[in-house]
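Novice: Chains A and B are the protein sequences, given in the same order.
Final position of the first sequence in this note's numbering is 437; the numbers increase by one with none missing.
Final position of the second sequence in this note's numbering is 437; the numbers increase by one with none missing.
Fair warning: there could be bad hints in the mix.
It does not matter which identical chain is used: a pair holds within one copy or between any two.
[Claimed, not checked] Below 16 Å or equal to it, Euclidean Cα-Cα: the simulated EDC-like pairs (lysine to aspartate or glutamate) are:
hint	residue 1	residue 2
1	K266	E344
2	K392	E413
3	K301	E290
4	K276	D302
5	K337	E388
6	K326	E340
FYI, nobody ran anything at the bench for these hints, they're computed from the structure.
All values derive from a computational prediction rather than experimental measurement.
2 protein chains.
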Amino acid sequence: MAEVKLFGFWGSPYSRRVEMALKLKGVEYEYVEEDLNNKSPQLLQYNPVHKKVPVLLHNGKPIVESLVILEYIDETWGDGPSILPKDPHLRAVARFWAKFLDEKCLPACSKAYLSAGEEQLKAKEEAEELLKVLDNEVKGKKLFGGDSIGLVDIAANFVAYWPVIIAETLGVELITKDKFPNLCAWMDEYVNSNFFKEHLPDRDKLAAHIRTWFQKTSQVKR
Amino acid sequence: MAEVKLFGFWGSPYSRRVEMALKLKGVEYEYVEEDLNNKSPQLLQYNPVHKKVPVLLHNGKPIVESLVILEYIDETWGDGPSILPKDPHLRAVARFWAKFLDEKCLPACSKAYLSAGEEQLKAKEEAEELLKVLDNEVKGKKLFGGDSIGLVDIAANFVAYWPVIIAETLGVELITKDKFPNLCAWMDEYVNSNFFKEHLPDRDKLAAHIRTWFQKTSQVKR
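With the rest of the complex left out, here is chain A (with noise of 0.2 Å):
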């Protein structure tokens, strides 16, 4: 068995969070592609309770939830680049961050995309209250992480790069220049840096796979 192996899905960015994460470190591991529609045996052995990727295999035990497995790697192999900075409140501030991305912007940000109609401009108006909280975070500043590649910026993959194309595929435009403007320097930073394109999903197949999600999830077809 591999030492480490890593079970995911090209298509999700919390599976992209883990594999960014281990190319920073310059672990190297196994990666296992899993068929969302037919979870593998081991998927669902490791994930008993949620069930989903990304789930890391270290000697063979399993980590999931994709943030507990950033903190997991960064603590485990101490070489190379930290994801979290070392002074407890500066590791405090990436933390709110990363859970402000994940259990307000995600969810806000996905209602605006799958709803329609009335709805949809409520959920729209919802979600751009908490993106310019984040347009305000990253304004002055190169990367969330500062100069350096951090915590935030990893789990923040979803907002650099999907909603470009989401907006490309599905036409519904969320995060423009001129109601986030350091939201989009940064996003242009990212998707641009040697480090992010190179662990970003292939364009035409993400494209490929929203509008299929997307036929699938939600309540309008477009």
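With chain A's structure known, arrange chain B on it following the hints.
Specialist: Frame of chain A; chain B shown alone:
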């Protein structure tokens, strides 16, 4: 300015988590009770995003989100018992369960308490599914943290104490011995532990608070 200041609310399980962690570590702090109907300018200043308790202020810097605060306390005050285990895998396991409590159990239990009729039956079933997972996790253990108090025990205060009082106050029983024997054994251990019983809210005061909260929030009058 006191070096460590906690802005909290006596009836909030999230605030109680932070109090428990500070007491466990033997950290001296000033406690500022917030009126949630009329929040202090300091609370709004220190937690502008969520505008919620608890907020920990340490040397003038705010830390928010109770689980983030618990990690901060553990990292900042190394002396005294550890809140998270030292081993990275066990740390990941503890973080997983703390997340499970906040993101799955707490919303499901709230829904089960606050809904009515058919919707409540369904919500109770869903909450019970999650509580079964928790019941299984604590099986054969004195505490979630093993023999000593850990992150999950502190985070789970709302499971240990609130449901019994809600059952008495509102007549909605969720955690019963026949369905959740391990969880109930842990709850007994919890409320009889010298440490925890000192840091849980007064029974009668909490019952009155729950009654008011329920009348404000629920769809149904009881």
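Novice: Taking the hints in turn, state whether each one holds.
Specialist: Hints versus structure:
| no. | hint | verdict |
| --- | --- | --- |
| 1 | K266 to E344 | between (32 Å within a copy, 15 Å between copies) |
| 2 | K392 to E413 | neither (24 Å within a copy, 53 Å between copies) |
| 3 | K301 to E290 | both (11 Å within a copy, 10 Å between copies) |
| 4 | K276 to D302 | between (29 Å within a copy, 13 Å between copies) |
| 5 | K337 to E388 | within (14 Å within a copy, 36 Å between copies) |
| 6 | K326 to E340 | within (11 Å within a copy, 25 Å between copies) |
Hint 2 from the list above is the single one not met by this structure.
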